[in-house]
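Spelled out, the chains give:
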Amino acid sequence: MNSVPPSSAPAGRRRLPGTGFVLVSGCAALLVLCLLSLAVGVRSVPLPVVVDALTAYDGRLPDHIAVLDYRLPRTLLGLLCGAAFALAGALIQATTRNPLADPGLLGVNAGAAFAVTLAVGLFGFQLISLQLWFAFAGAVAAALLVYAIGMASRDGATPIRLLLAGVATTAVLHGFGSAIALFNPLAFDSMRLWMLGALAGRDMATVSAAAPFIAAGLLIALSIAPALNALALGDSLARGLGTRVVRTRLLAGLAITLLAGAGTAAVGPIGFIGLMTPHAARWLLGPDQRRILPGSLVFGPCLLLAADVAGRLLLQPGELEAGVVTAFLGAPLLIALVRRQKASAL
Amino acid sequence: MNRLQDVGDGSVALAMAGGRLSVRLSRRGLLASGLMLAASLVFVLLSLTSGDYAITPGDVVRVLAGGGDDMLRLVVLEWRLPRACLAVVLGMALGISGAIFQSLTRNPLGSPDIMGFSVGSYTGVLIVMLVFSGGYAETSVGALVGGIGTAAAIYLLTWRRGVDGFRLVVVGIGVAAMLSAANVWLIRKADLQVAISAAQWAAGSLNGLGREQLAATSFCLLLLLPAVFVLSRPMRQLELGQAVAVASGVLPERTRLFLALVGVALVAVVTATAGPIAFVALAAPQLARRLSRSAGALLLPSALMGGLLLVMADWAAQHALGFQLPVGIMTFNIGGLYFLWLLASDGRK
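Residue numbers (my numbering), protein chains in the order written: chain A, 1 to 346; chain B, 1001 to 1349.
There's no promise every hint is true.
Cβ pair distances, simulated, as ranges [said to hold, decoys possible]:
1. A:L337 x B:N1207: 54 to 62 Å
2. B:G1135 x A:G124: 28 to 36 Å
3. A:A29 x B:W1159: 32 to 40 Å
4. A:G286 x B:L1251: 33 to 41 Å
5. B:G1210 x A:M204: 54 to 62 Å
6. B:E1212 x A:S129: 28 to 36 Å
7. B:G1241 x A:P287: 21 to 29 Å
8. A:L31 x B:F1323: 49 to 57 Å
9. A:V32 x B:R1254: 49 to 57 Å
Just so you know, the hints here were simulated from the structure itself, not pulled from any lab data. Owing to the predicted nature of the structure, the values given are computational and were not obtained by experimental measurement. Glycine is no exception: its CB is placed at the ideal position from the N, C-alpha and C atoms.
Next up, chain A with everything else stripped away, as it sits in the complex (with noise of 0.2 Å):
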């Protein structure tokens, strides 16, 4: 007689995939997309032709410039700034332990618009590559505020006093910014285009900019992926595990600043990419963070070049900025799964 085997999972846990598996999986889907990145567009250009590109330039041929000079930098851009938001995400929903965290709530977005609104609006630099550093320094700035309030209590920055102070000093910058911005039309137009976030229209330069800043984000978080997982099991506990919390949560900081500041200045505010990504990683990965970390850094960029590539496929001749496609794609997935059946365990 077939009688369930012993050793099947308890009622109610799905059995997970294996990491491996998924985790090859998802490389090779980026791989597709990254060539995809390269090849889509309003000019399509043949796979075979992207190589040729890619391995021996031609500066003549319209087909290797397009890829060359324009999808290159914009496909790097999707790696560099998916994986970047994704981690930031995983590590602030990790360190607050509020799933429903992201970066913007740290006041990175808004401190990064508010600076973009002061280069245009009070100094005039119109230049994408100086308002590039403007957006850096501004998210920095707005984070360490952020931190610096969160942790101005007996207690050190508790979660909640960080997420109270993230509202409090983004609705502030965002009024001074919108007073800026609705008596300076030039300040106000470079703010609309700089709000919807995309990857277009930026250059290697753009790239090899917000590069280190990312890498150096990307190691650190990896490096204190243990830490996090005695993090969620309360700080006392965490604390009696040997774990250093301070410091660990000081690291999340630095890393989450370090990713979401140079992500936002690169691309601009694309949300949902941080909100999404650790929960696709953890409902694949289950909940230990150190596979959730990796899982987040493959499935990020996924998800922000498939947004960019189907950004212009859908309204051809034009272009859907990448910005809109992820959050008319990331927000009904989002409500799907909670509107799943064990949605609290979220």
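Following the hints, complete the assembly by docking chain B onto the known chain A.
Relative to the frame of chain A, chain B by itself:
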């Protein structure tokens, strides 16, 4: 007959309608409410005296008592008083709405915005402005349709054998994110002038509003007030948890639906009148709670704090900087800065 009664433990009960309706306030809460009321009055008076046509407090009192020359009466009674009163009334509506939503979601960051009202109304307004080039009335209609449609969509998407507070927040975030992406895109595609006037609406402003809007708005809010009173007791019961609420005879689903309806209706009135005035609904219940040192989201202190915040913000938006700002930008700044200060001072203790 209303009567105040000392019920011991440092609190006071106000019983109305033969004891069928009663409000219980701590002494601290009563003191805080008195202070907020007094401060609101001060700011209303301040709004009446300040402006290009400066008026002394003595003249204001004389006009309010029925005296003063025609010019004074025109400026004080026709121009400045309706606007100041409108600020207080709209602020109170926002405060109550915020208290309702914070109780409904049991989350200090719950605000009418979780129902996507301001984002949705902005979408409605953008469509009216971009497609139909509408004026004030059309804009108000667009705001109402967009806002109420969004709130209904969020409620329906949340419904699954009941509405759970957490699910409501998540669905709200999702729908709001989609709509705000659409808004940013619409703004980007619009003509610069149209985009700027849409953004001005989205900042929320009392500029140019007066007696007519005050009358219409007050009428709508008075209609909603009985519903707020009736719901206040089941709301407190729900805060104690679903089981306690059911045991004391409250129908949780129906109560939540009505609470959400009233909360959205309050915001709808405000938004249709003045645009989405940010942060008051979020901050007022929190600030009121801290001032009156009570646990839950209390309706009366929240309303008073909302009124105070908005009249203060509107005065500052008109006179503090030397140029006129939309009041919504001021509420962002005042609310946010005060919030930051409270967080920081709380930490030093």
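Hints, verified against the model:
Take L337 (chain A) and N1207 (chain B): their Cβ atoms lie about 43 Å apart, and the range 54 to 62 Å is violated. Between G1135 (chain B) and G124 (chain A) the beta carbons are some 34 Å apart, a value that agrees with the proposed interval 28 to 36 Å. Distance hint check for A29 (chain A) and W1159 (chain B): the Cβ-Cβ separation is about 34 Å, which falls inside the suggested range of 32 to 40 Å. At roughly 39 Å, the beta carbons of G286 (chain A) and L1251 (chain B) sit within the given window of 33 to 41 Å.
Checking the proposed 54 to 62 Å range against G1210 (chain B) and M204 (chain A) shows it holds: the Cβ atoms sit about 57 Å from each other. A beta carbon spacing of about 51 Å between E1212 (chain B) and S129 (chain A) contradicts the range 28 to 36 Å that was offered as a hint. Checked against the hint of 21 to 29 Å, the pair G1241 (chain B) and P287 (chain A) passes, with Cβ atoms roughly 27 Å apart. At roughly 56 Å, the beta-carbon separation of L31 (chain A) and F1323 (chain B) lies within the given 49 to 57 Å, and the hint holds.
In this structure the hint that V32 (chain A) and R1254 (chain B) lie 49 to 57 Å apart at CB holds, the actual value being about 51 Å.
Hint check: violations occur at hints 1 and 6; the rest are consistent with the structure.
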